[in-house]
Structure formats: structure tokens, C-alpha cells
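S.K.: Each position in the sequence shown, counted from 1, maps to that position plus 1180 in our numbering.
Derived by calculation from the structure, the hints in this document are not laboratory data. For glycine and all other residues, C-beta sits at the position ideal for the given N, C-alpha and C. A couple of the hints might just be wrong.
To be verified - For each label pair, taking beta carbons as the anchor points, the in silico distance ranges come out as:
hint, residue 1, residue 2, range
1, Ile1595, Thr1331, 23 to 33 Å
2, Arg2075, His1586, 49 to 59 Å
3, Ser1984, Glu1895, 52 to 62 Å
4, Pro1541, Glu1565, 28 to 38 Å
5, Arg1579, Pro1363, 20 to 30 Å
6, Cys1643, Thr1884, 37 to 47 Å
7, Thr1404, Ile1595, 30 to 40 Å
8, Pro2047, Arg1579, 27 to 37 Å
What the hints assert, rightly or not - With a cut-off of at most 30 Å between alpha-carbon atoms, the simulated DSS-like pairs for lysine-lysine come out as follows:
hint, residue 1, residue 2
9, Lys1867, Lys1801
10, Lys1749, Lys1801
11, Lys2009, Lys1909
12, Lys1401, Lys1389
13, Lys1480, Lys1749
14, Lys2009, Lys1955
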Amino acid sequence: MKISHLRLLAELSRQSRLTDAANALGITQPAASRLMAEIEHVADADIYVRSGRGIELTDVGRMLGERCVRVLQELTDAALDIEHHISGQRGHVNIGSVTGPAVEYVLPAIRHIRLSYPEISVSVEIGPSTTLAPMLEDGRLDFTLSRVPLTADPDLFDERPLRREPACMVARLDHPLIRKSAPIPAASLLDFDWVFPPVSAPIRTTAEKALRDQGLSLPSKILTTSSFLFTLATIQRTNAIGPVARSVADSFAALPDESPGTIVILETDLPLSVETYSFLTRRGQTLTPVAQIVAQEILKTAGGSRKSKQIRCLEHIRLSFWSTLSVLKISFVGFCLLSASAFATPRDALQHVVSVLPVWPGHQQGGTGSRPGTAPEGSGVILREGVIATAWHVVEPARRIDIRLHDGRILPARILAHDEASDIALLEVAERLAAIDLAPPPEVAQPACAIGNAFGLGLSVTCGVVSATGVSNAGFNAVEDFVQTDAAANPGSSGGALVDANGRLIGMVSAIFASDADANIGVNFAVSADLLLRVADALIANGKVDYPAPGWALGAADRRQLETLAAPKVDAIRAGGPADVAGFETGDLILEIGARTVRTPRDAVAALALIPDAQTQIRVKYQRDGREQVAMLSFETPPATLPSPAGSRATAVDPDCPHPAEICQVRQAVFPISSFDPVGSATRIAKDLLVTNRHVVGNLQEATVYTPDGPRQAELVPSAYRGDLVLLKVDGLPDTGVIPALDGSALSAEPYFVVGADVARQQVRVFDPGLLIAKPAENAEFGRLHVRAQMQPGVSGGALVSASGGLAGIAVGGGEGRFEAIPIADVRKLLAMREDDDASRVTQDLGASFAECAQAIEASSAQNAAPSSRLELSDSCARSSNHGQLLNAGRVLARAGDFENAIRLHGQAAGKVPNSINTRMTLLVSLQLAGRFEDMTEHARWLMQAAPDDPQALRFSIQSGVWGGDPDLAEAGYQALLNADPRQAQAARRFIDAAPPRPPRR
């Protein structure tokens, strides 16, 4: 008999009309009549008779109908049973556990399971690991919370360490020992009988070792039993004492109503902590769904609450019958293994972090007896078996590297590969070390803990929250994708792990923002796990990282654009590059690269850096003329290397320089130097000639040049040139280095780059680009280029490079997004004036004046400086005529109240470099402090025209216009401020309409 027969008979037992039964089953009446005939043939009996009301079942038919109803119900129940079993809602689980976790974790978990899953039954086997391991091996247990015994083959089990098992000594309530003051000496314990589990039990081994470590003998009277019940009864009824798991002791030492229990915990000086127990399953075992639920609840109770991305539970269950119920179809989709790693804690992650002990030249190795914090040390994270990630700056100078594991063992390591752009290095060790688990993408404000070797004190854990994600503008590395945290990180933490609440890797600690001291102030950065893995995969596969080069130069949004949209603008495109092929144009605003929102040029660098080597295309959303569009950047064919000087080492994509190759190759022409300034830069302009700023050299006749082959001594070359440039002659520069041409690139609207020494990274690098603000002033004796290309201390004397790689000028400095460089035309003057008869005298006089001015600035900056020192400052710096010194000296005089001389020096500086926005602002501040508002108007009007989008410049025009008697200037400044910053414009309007009294002239 078929299922269709059963369904028809069951339906006819409920209603008498064959037509109604057929409609209920979704079949025609003729089909129902045919089924009835088949049933009678199979039964060999009449099962129905026709009547005026339809049909009536015979006795045989009613009997069969009732049976069919029960059979179909049993099939439905069977389907539900299968579904419940698959989903884990019904079934049986066999658990094994040692005593401590059984009481502390298994029991509370079972209580919860009883409420949430009433049809799950659980059996718990409590015993030593030596008993549980064979039961797990032969399948009598689904999983255990225990240890792998020494007698068992560890390869038979999958082991996830959980935690150590605290233990303590216990005794009966009125035991003589409780009258002793805590901590009770361990020697006093030996006066009583001890109850121990069998020999080799971990808690017995731990207690015996603790006694031996204190130089004590083992107890003379020992009762050995494997029964915990007998142990407890003996302790309760005699003077015997014994070690038990702390969680067990806590359960029996106090009752639920907090009244005293049946035993007491003895607070002794005997440290008892049993070796780590683990979540054990058979190797290759797949837990049943019901076992997954129970295991998840137990491990959650043990300290984890969030599922790992490695846990993929039952994703889909589909149970259905064929419409005829002739076939029972059950489809199961999405089973997986349960990973106990989801329930680890930050403390458990310590085993996946190491201390890195490099041997730097001239330094003692950490961990060899030096005072903590005095030797270079770092941290590392175990990413793969035998592969450890750390920060490149930790190991870069190292001649040898060791690592110290969490258990104190020290192993030798070697550098496998490194990526300077992201400050990531990989170390290799011979030992198979367990890799850390990865966390899901972090969210702001979620808990986070930093694990590292802070100050060389050994591994420690500090916790806080994730403060920000996707940080790309911290300024530490050329490529940045940081997770920011307030979890404390200090020197030695670099290379450590930033983990989530379950001990899974969020990122690798890389950098800290410090105030005056190199110590934590709560603003710390970790390389994101995404970038870390992308770089590590490339380094392991290829030994280097090839970052995609789109062939565009991006500029930051200006203030006016930021009022409506924060997005970088395409300032230039390399012909034939990926961006050009994809159809991008200058002026496009980049909104998204892949799934990442882009707000700054550095965001774009980070988004591109995350693209793995195997990916050849990425989607880019951009805006053009107010409309959003999408294009695909393709990196299938690497951009061709542009022509470069013979011997150039430039490549199309340099892993340490995420900029066009023609820009990156200029690094070969720039060298760090030290002279009057301890750190500066110098740019090569001939085989043995460098050019740098005069203020870098001062009055000295030599400088130290740091080349790849070691330091070289350079000599000052006399020249009658009076600007802020000097020549240095040095032998031994690299024969194959790039030497830029001095033809002077035509000034354009394309971005400019600065190449110079980065003090923090101790390297020459390319800084973020920026556009030209102003050309050198016409007819100015010492005109300067004014750019937004980034500069910082140490780059003075470096190269200002055009987008095509041509040398445009020599970097000087600046600030507030406005930086200055001396044009190449002045370098040619410097060279030509070597032949001047006065070259030696001019060079010597300028150097001496510079030194006198520097000394006067230092003397006048001291507290209680005499008025005579300020007079000397004004005269000597005026003679020096060095632009930077004129500004510094004027500021010192203004702070001292000598506004007359401050204005004189700042005016002299403005005369030397008339189109310098920073200089005009400095002069305006001095005039403002002196109350000379009429004198401000000329400079304020020039500044408003030079910087119409700068609110600070516009405020000068408004203030000087109101108080200096030039209302048209004030109104023009207000109108410009409406566009530049409408919020400040509101306050400016109130100032114009109801100005306070003008400050007096000083």
C-alpha cells in the first residue's frame, strides 16, 4: 500500500463524500476512485459501500482508515524528531569532565539547557583525565573538559586549552588549623593526615611539587582514593586535610543561603594551580547538533560569549514530503565543526603572543639581565605555525633575534621578510607554535585588550575599547589601516596583539601617540588584522608586497568642498595608467574604493593597500559634475616603468613607497645629514655635490652625510649666494644613485611631493603631496615656492618634486598646511656664484651672523633675560638676514613686549619673501599686538587676495578694516568668510556691526 492510499483512507475516515476527500488532497474524483479500487485490490476486501449520502467505509475500511491516521501521524512525528535532532532541540549528549570544571561550568550550563532545551538529556562522567581519555577515544563521550594524559597519544585528540585550574587546601569546619593566622605556613600542614587522589593525578602532582619547591618533604600519612565522595567524607569527619579544585571547595564551603558549609578553605602560603585543562574532542570528529548546543553553552559559561567566525552552525534545514508523501525527503545543509576557540578570553591569547628580543648594535639584549626598559625589546603575534608577525622598526637594526614564549622559553628566530611601508615584519622559528584566532571586523566601543612586552617586563594584558577603525592618517607609516584603542600600550608593546573579549586578533600593535614622554596617553594604534594578513600572505608567497598603483595623484578637499562633501580630488592622472584607462579625469571626487568609504587621500592609499595580490580589479565610486558614477580600476597589467637615469633602482610599484615610480626614485638623491641642526636633509645635484639649507649647517664648515654605505664627511663649498642655500662636497656617494636635473620643471597645477628625512622612521621617504599655492614673487631677491605638499622637521634641504619627477625646489619648511621651498633657479645661482671673488668672505660672514643670531635667540628666550640681550638679538638677526631666524627672533621680541623691533624684523622677513603667507601672518600678529591696525590694512588686503579660503587670513582683514579705518576691507573680508566658513562669518558680522573699543597702541 502506498502513501497516497494511506492519505485517502485517512481523509475518508473524517468525511463521507469522496469528492470532498479528493479536494482536500488536491486530486480529481476519478483519481480518487482509481485509488479506492487499488486499495480494495491490495486488501482483497470491500472497504466501502455507496449510499445516498455518498460512501460509507465498511468495518475493514474503518479499521484501515484509523490505522492510516496513526501511521501518518507517526510519520509526521518522525519528521519532527529528525528536525529537532538536526537543530539540536532533542537528543542525548555524553560529557566527561574533571572535577573543577564540572562543578564550575558544566553544572550551570546544564541548568540553562534544562530550561531552554527541555528535550535534551545529558550524562556527565566525572573522573580523572586518565579515565576520560579512553572513553572519549572509543566514542563513549562526545567531548570532555580534561587534559590529555601522558599515557595517551595526543594526535588522537583535537585540543583547545581553556584555563588553569586553581586549587586549595580544605579541612573540616572546626579544624585546629583554622585558628592559625593566614596565610598558614605550608610546614604546619604536614602535621596532619592528607587525602590524595591516585599517584600521577594532576592535583596531587601539583601539591607535591609545591611542597618540594618550598623545601618541604611530602606528607608522612597519606590516604589515597579516587572517590571524591570518600575524600569529602574523610575531610568532614576527621582531622585529615587535602587539596581540591577551588571551584569545588567554594561550592561546599558555603551554602546557597551563604551560611557556612561542611568544609572550610585553608588560606595557606602553598600556591596550588593545576595545569591547564582543555576542551577535547576526537581528532576529526564532527559534533552532533545537540552536542554543539551543549558544548556552546558550557564554553560560554567558561568565559566566551560571542561566536567565532570559525563556528558555522546549521545554516539551513529543510524537511519536506513529496506532495504524495510517497517519498520522505530530508535535506540537510550546512553542518560544521564546533570550534572551542570562540570561547577563549584575552588571558588565553597570551600563549599566541611572544616577546621579541633583538640584538641591536651597541645595546644589550633584552631578557639577559638588563634593567627593564633599557634594552630594545618588542612583541610578536603568532600568525601561522612557525611564523610570527612583529613591527619592522623593532627588528630592523637587529643583528640577531630571539623570541621568548609565554612560558619563558627562549627560541632563536630569523627575519623571513618585511614590508617597510606598513611597518610589518615576519619572523620564522623552527618550533610549531599555535596560531592566534582571528576576530570579526571590530566595532567602535567594543572591548579590546592589548597584549605585549611593555618596557621589557614580560607579557601583560591591558584593556580598553576600540576607539576608531580605518585610521589612515596617523602619520607613522606610508601605508596605514589602523585600529585605534585606549588600551594602554608602551615601548615594547610594538608587534603585540590587540584582541577582542574572546582573545581573537583585531590587529597588531604598531604605534602610540605620546606627549613629552615616550609612554601611553590612551591613543594607540594597531595594524588592522585585514592589512596584517594581506601583507603577511604576500610576504610569505613572494617575499615582498606589491601595492596597486592606480596612476593618479589625489589632493585633499578644500574647506569650501568640505562643507558639502568630504572626498579627495583627482589632481593628476598618469597617461596610460589604470586610472586613465578606467576613464577618470582630473577634478573627479573619489567616494568609495571597494567597500571602503574614502574621505582623504590617505584613505584611498589604505583602501588600495588592502587589495590582495590575486585581485586584479576593484570597483570605485566617484563624483563628476555632481553626479555619482562607478568605474572599475584594473591592475591586470602592471604600469610600465617610466624612463629613469641609468642605474636607477625605481620600479613601477615600490612596496615601500605608494607613489608613482618617478617620484619614489628621487629618494636615491636625498640623504639625511647632521651639522648645526642635528637632523636635516640634503639633495644630490652632482656626482659629489649636495645642496641643503644654510640654517641646517649654520656656521659650521662640515656636515655628516648618512649614505647606504655608511656616514661620509662633507665639506662646505663657498659661494657668494646670500639666500638660505649652501653647497656640500662629499666623496663616496653611491655610483648608481639618481641625480636630478637642474633645468627646473615648469610650474603647474599638478601636485608636488617632498622627499626628505623622516626622523621618527629614520629613513628618507616621500611625504603626502599637495598643490602649488603661490609662485615666487616677481622681482623678489629670494622668491619661494609655496605649496601644500607636506613637510615636517628633518626635511629641510630635501627635494620638492613635480608630479613628473622633476626637481622643482629645495624644501625649507612651514606649517598650517602652507609650506615653502626655494626654487631651482636659486640652486643655479648658488652654483654660479662659487666663482665670485667674495665667495669665501660671504659664506664666512653669513655663517658667523647666523651663529650670533642663534645664540642671541637662545639668550633672549631665557627667563629674566636682560634688555641688552634683546637689543643684541635685534641687531644680530637683522645682520644675519636669514628668513627663518628673522621670524623666530621677531616672535621672541614680541613676547617680551618689544613690538617695535619685532615688527622691524618681521617686516624684513616679508621683504625677503614677499609672497609668503606664513610670513605675512606673523607680521600681522606683531602689528595686532602693538595696536597698529592702520599699518595692518595693506598686508591684510594682500593676504585676503593670496588666501581667500583661509578663515584666519580673512579675520585679519575684518579686524584691521574695523579698527584701522577701512570699512570696505572689513566688508570684503566678511563676504569672503561667508564662503570660507559661514559659522565664523556670523561672529564676524556681529563684530563689524557692534565692534568693541579699539585696543590702545603699544
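S.K.: Let me make sure I understand: some of the numbered hints might not hold for this structure. Which ones are they, in numerical order?
M.R.: 1, 3, 5, 7, 8, 9 and 13
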